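Trainee: Here is what each chain is made of, one letter per residue.
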Amino acid sequence: MTENNNEKEERKGKYIIEREYVEDERIIEPEKLDIGGVDASGRWGLIVLPRVIKDFDHSLIDEVKKLPRGKHIERCWQCGLCTSVCPVAHKEPNFNPRYFIYIVKMGYKSEIKKLKKYVYLCQGCGLCSEACPKHVDPSGVMMALNILFDKV
Amino acid sequence: MEKNKSVLVIGAGPAGLQASKDIAEFGYRVILVEKNSELGGAPIRWKYHTLAPDFVPTEKVLGPLIDFVKNNNLITVYTDSIVESYEQKEDFFNIKILNLKSKGVYNEKVSAIIVATGFEHFNASVDPRYGYGINPNVIGINELEVMISNGKVLRHDGKIPKRIGFIFCVGSRDRSTNPWCCTVCCGVSIKQAIEIKKIIPDSQIYMIYMDIRTVGLWEKLYWQSMENYHINYIRGRVGEIYWTGEKLLVKGEDTLVRGPFEALFDMIVLAVGMEPGEGTKQIAKVLGLKVNEYGFLSPRIPNIHYDSGKDGIFLAGACVAPMSVEEAIGEGSAAALQAIKYSMRKAKKMP
Amino acid sequence: MMDYEYYLARLNEDGWYYGGLPGLQWETEQARKQNREFLKKIVDELYNDERFHEFYYACINCGNCTSVCPPFRFVDFEPRIVVQKIMHAKDEPELLYQMMDQYIWACFQCYSCWDICPAHNNPGGLVLILKEIAVKNGLDSSKKALEPYSKIVYKIMTTGTQITPDMHTTIALFRDWGPHKAELAKNIRIDRKAVPVPSMNGVMDKSWKVDERTMKELMYIHKEAGVWDSIKKTLKDVVDMIEETAKEKGIKNG
Amino acid sequence: MDNKLSINFNDEEISLTKEDQKLFQKLIEERKAKLAKGTIEDYLRMLEKMKELEKKEEIILHHVHEEYQPRLVKTLSGRIKKIPTVELWQHKSCGQCGHIPGYISSLYWIMNELNIPYVDDTNQTSCTAWNYYGSGTSNSIAITAVFLRNMHVAYEKNAYPLIHCGTSFGDYKECRYLVVMSDEIRNKVRAILKKIDRDIVIPEELVHYSEWLHVMRYEIAERKKFNVSNIKVAVHAACHTYKLMSEDYTYDDNILNGIRPAPTSSIVLALGAKLVDYSNWYDCCGFGFRHILTEREISRSFAYFRKIKPIVEETQADVLITHDTGCVTTLDKSQVVPLAHGYKETIPVIADSQFAALAMGAHPFRICQLHWHIADWKNLLNKMEIDWQSAWDDYKKYIEELKKGAKPFLLIPPPRKLQPRIRDERKNLNGEE
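Chains X, Z, Y and E, in that order, are what the protein sequence lines are. Residue 137 in our numbering sits at position 137 of the first sequence, with consecutive numbering throughout. Residue 1075 in our numbering sits at position 75 of the second sequence, with consecutive numbering throughout. Residue 2247 in our numbering sits at position 247 of the third sequence, with consecutive numbering throughout. Residue 3406 in our numbering sits at position 406 of the fourth sequence, with consecutive numbering throughout.
Just chain X, same shape as in the assembly:
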């Protein structure tokens, strides 16, 4: 949940100062927790699961490669030209073609869940595909991601 403005009251991990940088699903906050007679519910019983990625999940990228316009996604070297020419990215920074390709290549499912509602913003204007030095055809990849992100 990226927006910080609708601060829901019963949001988990309220007392964590750097709360905005911890995803919700990694916070386990028990309503009731009794440890040998001592009440440690709420923040006293809260644990955060580590976010260490043990191995990269390549299932996503294989799927994109099967789709016709996602063929060259592996060529991307994260230079950022697609985002810099993309008119949408300069108006809505949550839409960032380079970053979408990156999280798909790395298989960061939690990031994809966070940002998947922005992928449809792609206008399909093709400016990025024309600028891309590796001919990854990012606008095609965006279309592929539209399909893929619904599945994540």
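Heads up, a few of these hints could be off.
[As the list claims (entries may be wrong)] Looking from chain E toward chain X, a few residues come up when the C-beta cut is under 10 angstroms (computed):
1) His3291
2) Thr3294
3) Leu3339
4) His3341
5) Glu3345
Note that these hints are calculated values from the structure, not bench results. As the structure is a computational prediction, the values presented were derived from the model and not from experiment. By construction, the Cβ of each residue, glycine as well, lies at the ideal position given by its N, Cα and C atoms.
Since the structure of chain X is provided, determine the placement of chains Z, Y and E on it from the hints.
Mentor: Just chains Z, Y and E now, with coordinates in the frame of chain X:
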């Protein structure tokens, strides 16, 4: 030594000059053919002020070579000339040289040929996104080198720029222009940025890069620029540049920290890459040399540059692959030795 | 020509605008709301700190520090980003302010990053200077972070010790120690008498008996070094209590 | 270190299993890459400048002279470091005294056993790192002045400072670096110290108590009463001891190939216990300074998932030993909640001085104060064949006597040979006579 032994050297850049000097010092005659009117190749043509990584003045490196070649009687120099045709005989070549200005044709007999026709800077107007040639104050690192040599870095309206941006990999590492890396423009740009900081101390310089490739001893330029000259490095690419009438609006993405950004710059320097020069293309046709998919001359074995695959013809310098001045000079000597060895072996009829 | 008036209009007076990386725009929006003179003041305070040039040389983005950074394993906090934003802060003060809200408070100050940085930077030290600046300028982030910490600041600045045995006499503090805490709360007084160390035996209000003179000198040092004034904006009430205790001990805040 | 991959434990060659070899090879490359040349060169340059300042009489250097019977160790860069062994000024740690007094009482008991004179001073304040590092509510002048005040008190008492807490040790290394290298800080600090009638005294060597245990490990091993050879020990080195100013800590080629800090591992080996290795030894314990007090959510999760769980899974060690207040408290107290959540892995956490004292036969409760620790230490003591049940009853009896007003048993330090430097009666703080 046999007086009539002579070697044809095509191209008077760092490689060609060094080859001519070595061969002349060995005692052979040298026929040096240069397309332009002055010797020294790209470094002199674009008035390189200093050479990376230690800011050695170009004059100190190439000056002696040029003086030697000009004053040595064993070396006959044909400027404004190209090799029109060649004919390979048993143990010598008949060369026809055409002077582009006077249209005069000269014949020479040589025992070996060294091709050192060098490179040309990428013409950034080929890549429309930077508006090179249309937007004022968008210049290449070659033009900037001329400005630095004159000691004054000025905008088109004569004012001193405050915020200068360097854009890396223009015309390099890009499938739509040249998919190779020119190996030097990172180091050269950083060197120039430091020189600008010396000329304009309160300037703000931004290097917009993908990866900094200051290889070998050139790495100290990268650290020096950050530690002593506070030059900023933004990892990302620039998509578009607009001229707002007074400044350049640069649209890009900072992939690490800022995300998509726009910024106003007073001047943008494009780190233009290296392409095979006109001379290289022309000589390849004339001598029938093999050329790789990028237009560079391709040696028989890619890792051994001097061996062109044709008997008696040797390659040297940036016509084979993008390289720095120091490497080109080294390859000039290498080709010179091969040419001398070939000529001596031919003289003794050895295989 | 492309319609670039839209982009021109939103540039700040330094001629710059950036949207921020996906998911982190709330940081950039917050920073953009602040007035820029204040942001520039913060950047100058950082760059003029006497430790700054010992802690920052150059950052080539290798990511060594993030690889060993403990909070990075649980929180999206990277020391590399801290150094990168400090590098660009001189021309763009918003970048620094963005971090001071929540980002820098994730740092464990364990200095693994200092030990491993090939460029010999000290990201942990830079974060520390940023925390000091946040406290000095009374940012609400430092108020929020240090509000539960204020009792400890008072204890440290008056006695030189932190959590003391008398704070364990109820199970309110550290309930997550479970039943052990209930036991501890019951018989901590007598257990402290059983500690065989002469200077600690039976002491409840401090970690060990501290001479009156020592505490006076400690408070004097903090007063002279300007610590009381620097934390006035963030921990107003704590400073008042400290000044009172100091007055009782004959130290006037000059 | 030729490519023959075996490590020598206690001077006898042990060849490693295939899998361990891979791990050690990784460690060796890792450490070589990590030798941040800059940090080491700068530190050595600082030590040179410190000697120059002494010649120019800008500072007083508290030398580790012969009366302190120094022993020599090597640091990361190979520099020889003098570790004083007697006449020590105990610089106590505020965390351990509040939460786990066991490891300072064990240390004092060992020193009494070895007849080492020391000073348990009440004119000592904590290093106030809780302000400086913990919350940013201090500045470099204050923290350096507090450091120099404590060092001056030790100099007055003619005793060499032995620093208990890892954080104080790291903090003082940084303060010393700043005060020597930055004239601005030095002059400001001198002005403050003059007002409390003190001068700048900088110790020639900053010594952590685990380094003292390291150099005294064979004497301690001689007095061992319990056999610990079947105890598997995992060691955690505290970040602030060897990452803050990474040059200045003890490394020994015979202990873990000189790749990792020697202190705590060396005494475990000297006592004959089995030292086991685990994958993320380099990681922090999760202390996090502010986090351990006011944001325990992150601290306890880190300690458990990054330290306790991997150690127990990988090594099934019997005990986790470290040498710092924050680490012992964090690792020990962070296991309660995860266990309540249903995780199984747990391991007792004690300090190296406690382990040494236990092995030397100290009373587990009156001296080693194990009852302040939560993680279950019962089967550790069983494995060491220490009858903790009767010791616990004895402790209970002692508590009852105390309740009735009996005089508490105190560890009185052996008599000192060195005389303190006499000081004239000081003016009161605000400069009036």
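Trainee: All the hints need checking, so say for each whether the structure fits it.
Mentor: Against the structure, the hints come out as follows:
1. A least Cβ separation of about 9 angstroms between His3291(E) and chain X falls short of the 10 angstroms threshold, and the interface hint therefore holds.
2. Here the hint on Thr3294(E) is kept, as its CB sits about 8 angstroms from the closest CB of chain X, short of 10 angstroms.
3. A cut of 10 angstroms between beta carbons decides the hint on Leu3339(E): the least distance to chain X is about 8 angstroms, and the hint holds.
4. Among the interface hints, the one on His3341(E) holds; its C-beta lies about 6 angstroms from the nearest C-beta in chain X, closer than the 10 angstroms criterion.
5. A distance limit of 10 angstroms between C-beta atoms decides the matter here; for Glu3345(E) the minimum to chain X is near 14 angstroms, and the interface restraint is violated.
In terms of the numbered hints stated before, the structure departs from hint 5 and from no other.
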